[in-house]
Amino acid sequence: MGLMHRSDGVLSDRILFPLSLFYLDLWSSRFTWGGEEVPSEGQLVVVEKGHTVYLDQSTEVLKMLLIKGGHLLVDPEATSEVVLRAEYILVVDGGALSIGSEEDPFEGQATIELHGNARSIQLPVFGAKVLAVRNGTLDLHGAPVSVPWTRLALPAAPGDRSLRLETPVAWRPGDSIVLASTERRFSTNENEQLTIESVSRDGRTVTVTEPLRHHHVALRQTLGGRVVDTRAEVGLLSRNVRIRGVVSADFADDVIEPCGGKWSPGQFKTAPCFNGNFGAELGSDMFGATVMLAPERPDEETVAARLQHVEITQAGQAYQIGRYPLHFHMLGRVRRSYVRGCSVHHSYNRAITVHATSGLTVGSNVLFNTFGHALFTEDGNEEDNVFEYNLAVFTRLSSALLNADLTPASFWIVNPNNLVRHNAAAGGTHFGFWYRLESAPSGPSAGSPHCPNEAPVAGFYNNSAHSMGRYGLWVFSNEGYFPKTDKCGHEDTVARWENFTAWRCERGAEVGTGGALQFHNFVVLDNEKAGLEMIQVKGGFGVDDGPGIFNSLVVGRSALSPGDCRRPSSGVVAPEEHVLTVAGTTFVNFAGGQCVALSGCSQCTNIRAGSSVRVEGLTFVNSPNKIRFKWEHETIWEDVDGSLSGSPGNVVVADMGILPPRRCRKEPAFSVNPTVPGAVCRSPMKFLQIQIDGRTIQPPSLRARDLTVSNRHGQTRIPFTDTRLSQPSWIATLYAGDTYLWEFDSASQITNLSYRCKSSLLSQDDYFFVEHRFPQDMNFFRTTNEEREMDEDLPDVASSRHGDYHWDSDSHTVTYIVKGPLPGDVGSEFYDHDRGVSRIIDFKAQRCRYENCVPPHRPPHPPTAP
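Each residue of the sequence shown is one higher than the last, beginning at 1 in the UniProt record's numbering.
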């Protein structure tokens with residue numbers, strides 16, 4: 001606290017205690033500039049170390065402002081707006097640029113206005129049209145905004161001018177706000193930017209200058225015993241401290257007309273036009289202002305940036321990596337930096353970028369109309385950051401940067417060891433939250449000792465997304481996410497995403513590939529294709545160490561979208577392989593049309609078996625459409641407590657011709673697809689999955705043929721396909737305890753046959769028999785890697801070992817047993833954490849010309865005649 005003396009002899013009336021004395025130079029005083037004129041347009045201005053300059057008036061457009069160890073601060077007592085105009089602003093040698101302070105925020109009007117265009121000379125590292133800090137401090141603190149964003153309390157209709165808000169606000173007439181779209185996923189052009197005309201005395205009603213063009217939802221429903229709010233977000237864009245890029249005059253009057261074609265967020269869809277997809281827009285050179293914080297070396301805290309209640313607009317530079325509105329570039333570990341209560345809008349290249357920086361807090365910000373990812377983490381070594389209470393509206397695709405920005409996310413997270421909480425994404429072209437976790441950092445951080453796709457989730461809870469072109473939450477990377485107890489290479493652990501709400505997206509939330517990834521307390525409703533979906537996830541059953549969906553609410557259609565589903569839509573979609581647990585989850589309004597609570601084999605486009613799903617504690621409210629099967633031999637649904645099928649231990653599978661009619665019955669609730677009805681099989685009945693490796697089949701001509709499996713109840717066909725995830729194969733679902741005849745199409749005359757088959761999900765008492773018939777006697781058999789004698793009779797279930805076999809010479813039939821392990825049993829078996837005990841059969845049947853199929857020793861060739 002101190003007494004501030006101004007160098008023109010005027011004593012400030014702000015006296016603070018305890019007393020200290022320091023001198024300030026006024027920008028407007030000639031004495032500050034050695035008796036010369038105040039800096040004018042095109043000049044280079046240097047604020048040297050030991051000098052503190054009060055910016056008490058607006059400047060002309062400076063070529064460069066170099067703060068070289070000195071301190072430039074905007075006069076807190078300025079009575080009119082102060083505009084700092086420059087092409088380049090650079091802080092080095094411990095300098096500082098300040099507008100207000102954390103203890104004493106700036107209450108006037110101040111703008112940092114950056115000038116330049118794509119042809120401007122680029123500074124090394126920083127580029128052009130930039131405010132850059134190489135070594136020093138950036139302190140920008142606008143007037144506090146207690147409520148940066150809120151939600152509607154009442155719905156707003158086209159033509160309305162009054163918005164009733166959930167939370168009282170202290171916003172002002174003339175302020176700019178954004179009202180998020182609440183319609184379905186193609187409604188990005190329904191995000192509305194508005195200007196406030198007045199605010200009611202209680203702060204709950206905002207009147208805008210122009211009538212609304214679209215409907216915006218504010219709806220409270222009780223669904224499945226839970227109160228669910230679906231409301232449009234309203235965010236404040238205006239701040240009294242601003243950083244603004246000046247749009248080139250060549251583009252200022254260029255209006256892009258709306259595109260007439262229908263826009264689609266699909267990656268492989270043909271765009272009807274390049275511009276104007278989201279209504280009429282003002283043209284621009286897309287070369288906006290940038291703020292770049294880039295120390296010479298990380299982890300030394302030579303750069304600090306504290307931004308509170310600052311507006312950044314007309315920012316970011318398209319077609320250039322690293323030129324973002326606000327860019328924390330490789331600061332390493334930080335303790336003194338944060339971004340709170342700010343707005344970033346109308347950005348041409350992302351919004352807030354956190355690059356190789358850890359320990360940063362980004363909170364209570366409003367991000368609107370940004371090309372590419374909005375809040376963006378970059379290399380994968382960013383950890384311990386806190387992203388909280390942020391609102392991102394209209395995050396839009398960009399064809400001006402990387403491929404990933406063609407399908408942008410409002411929150412792009414590349415290391416899970418960051419805390420993501422209380423954020424909202426709305427009205428974007430693609431994703432709300434995207435966890436893209438690769439095995440190692442990329443970019444300049446390549447080689448750093450981090451394993452992003454093994455790091456634990458620091459926290460993800462109480463976030464929401466709606467009206468997104470693709471998914472509310474996406475956990476997807478090429479290498480998958482397999483969380484460990486520590487950052488690299490330790491024991492597997494569970495990763496939890498909690499308390500997430502998603503509505504009116506293509507999918508509410510989806511996992512691509514991963515380990516024990518879990519959704520807890522999710523609320524998903526009125527999503528077009530699926531509520532919750534997992535494609536490939538590994539782990540055991542249950543909450544302790546496996547993938548699953550727990551204590552969630554899944555709604556097919558609510559008052560948001562009354563009526564039946566016109567297109568296929570699923571509440572939960574199970575993986576295409578491995579296992580999943582769904583527990584404590586309520587399904588509401590899966591009735592009529594093509595809505596179904598549960599379906600399997602996520603993303604499968606070819607006939608294949610699905611996963612094994614264990615369900616318990618399910619509740620169905622107005623949901624007679626419980627399961628839809630795509631084809632036979634699909635997902636196995638194990639009903640632990642009877643909440644799915646009515647009796648504990650039952651199993652629901654697609655109806656196959658081999659099911660025992662006395663134990664299995666078709667049920668309408670599981671037959672939403674009438675061409676593949678579902679059946680409930682009474683407990684105890686154990687289903688297994690078998691996979692014949694198409695690469696091992698001999699003769700090779702069988703690879704293109706289907707396999708017919710028959711038993712005493714009928715038969716089923718298993719198609720061959722070469723588009724499996726791992727290998728070409730035949731995959732089928734069988735039940736334990738029966739005998740199956742396997743016959744390949746048009747192969748009745750084949751005498752030599754060999755293949756490798758894996759049977760999964762076996763327990764100790766599980767078994768089944770496999771038969772093959774041949775046209776004549778065979779004299780060599782093998783079923784495992786062990787040498788064993790042929791049984792004189794059919795293998796005895798109680799005493800036989802896995803792979804024991806019998807040849808019936810009368811019927812030319814070989815029969816072998818696939819059997820779960822006995823205590824102390826060894827052989828061709830292994831325990832797969834994802835699928836229980838699996839057993840391998842290496843089958844080979846031959847008709848040999850020689851005894852034991854061993855060719856006789858050939859005599860040596862006679863010596864060559866001389």
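Please note that a few of the clues may not be correct.
Here are the simulated DSBU-like pairs of lysine-lysine, each with C-alpha atoms no more than 30 Å apart in a straight line [to be verified]:
{"no.": "1", "residue 1": "K666", "residue 2": "K529"}
{"no.": "2", "residue 1": "K484", "residue 2": "K758"}
{"no.": "3", "residue 1": "K49", "residue 2": "K68"}
{"no.": "4", "residue 1": "K487", "residue 2": "K529"}
{"no.": "5", "residue 1": "K484", "residue 2": "K630"}
{"no.": "6", "residue 1": "K844", "residue 2": "K758"}
{"no.": "7", "residue 1": "K49", "residue 2": "K63"}
{"no.": "8", "residue 1": "K630", "residue 2": "K487"}
{"no.": "9", "residue 1": "K666", "residue 2": "K758"}
With beta-carbon atoms standing in for the labels, derived distance ranges [what the hints assert, rightly or not]:
{"no.": "10", "residue 1": "E197", "residue 2": "G42", "range": "37 to 45 Å"}
{"no.": "11", "residue 1": "E792", "residue 2": "P648", "range": "53 to 61 Å"}
{"no.": "12", "residue 1": "P158", "residue 2": "T619", "range": "34 to 42 Å"}
{"no.": "13", "residue 1": "E479", "residue 2": "T721", "range": "22 to 30 Å"}
{"no.": "14", "residue 1": "E491", "residue 2": "E210", "range": "57 to 65 Å"}
{"no.": "15", "residue 1": "T864", "residue 2": "H812", "range": "58 to 66 Å"}
{"no.": "16", "residue 1": "Y461", "residue 2": "R30", "range": "57 to 65 Å"}
{"no.": "17", "residue 1": "T619", "residue 2": "R220", "range": "53 to 61 Å"}
{"no.": "18", "residue 1": "P677", "residue 2": "Q727", "range": "29 to 37 Å"}
{"no.": "19", "residue 1": "I121", "residue 2": "R201", "range": "47 to 55 Å"}
{"no.": "20", "residue 1": "D545", "residue 2": "D793", "range": "36 to 44 Å"}
{"no.": "21", "residue 1": "I121", "residue 2": "E197", "range": "42 to 50 Å"}
Note that these hints are calculated values from the structure, not bench results.
Small disclaimer: the values here were computed from a predicted structure and weren't measured.
A virtual CB, placed ideally from N, CA and C, is assigned to each residue, including glycine.
Structure-based check of each hint:
As the CA atoms of K666 and K529 are separated by approximately 26 Å, the hinted pair is consistent with the 30 Å bound. At roughly 28 Å between alpha-carbon atoms, K484 and K758 fall within 30 Å of each other, so this suggested pair holds. Restraint check: the Cα-Cα separation between K49 and K68 comes to about 6 Å, which is no more than 30 Å; the hinted pair holds. Of the supplied pair hints, the one linking K487 and K529 is violated, its CA atoms being roughly 34 Å apart against a limit of 30 Å.
Proximity of K484 to K630 is assessed by CA-CA distance (about 35 Å); at most 30 Å being required, the pair is judged violated. Proposed proximity of K844 and K758 is supported: the alpha carbons are some 15 Å apart, at most 30 Å. This hinted pair checks out: K49 and K63 have alpha carbons roughly 20 Å apart, not beyond 30 Å. Only pairs whose Cα atoms come within 30 Å are accepted, and K630 paired with K487 is rejected, the gap being roughly 39 Å.
Distance hint between K666 and K758 is fulfilled; the C-alpha atoms sit about 29 Å from each other, no more than 30 Å. With their beta carbons about 40 Å apart, E197 and G42 fall inside the hinted range of 37 to 45 Å. Evaluation of the 53 to 61 Å hint for E792 and P648 yields a failure: the beta carbon distance comes to about 42 Å. Checked against the hint of 34 to 42 Å, the C-beta distance between P158 and T619 comes to roughly 38 Å, which is consistent with it.
Between E479 and T721 the Cβ separation comes to about 25 Å, which falls inside the hinted range of 22 to 30 Å. With their beta carbons about 59 Å apart, E491 and E210 fall inside the hinted range of 57 to 65 Å. Checked against the hint of 58 to 66 Å, the pair T864 and H812 fails, with Cβ atoms roughly 48 Å apart. At about 58 Å, the beta-carbon gap between Y461 and R30 stays in the expected band of 57 to 65 Å.
Range check, T619 to R220: about 21 Å between beta-carbon atoms, so the 53 to 61 Å window is missed. Range check, P677 to Q727: about 30 Å between beta-carbon atoms, so the 29 to 37 Å window is met. Range check, I121 to R201: Cβ separation about 53 Å, and the 47 to 55 Å hint holds. At about 43 Å, the CB distance of D545 to D793 agrees with the hint of 36 to 44 Å.
Checked against the hint of 42 to 50 Å, the pair I121 and E197 passes, with Cβ atoms roughly 44 Å apart.
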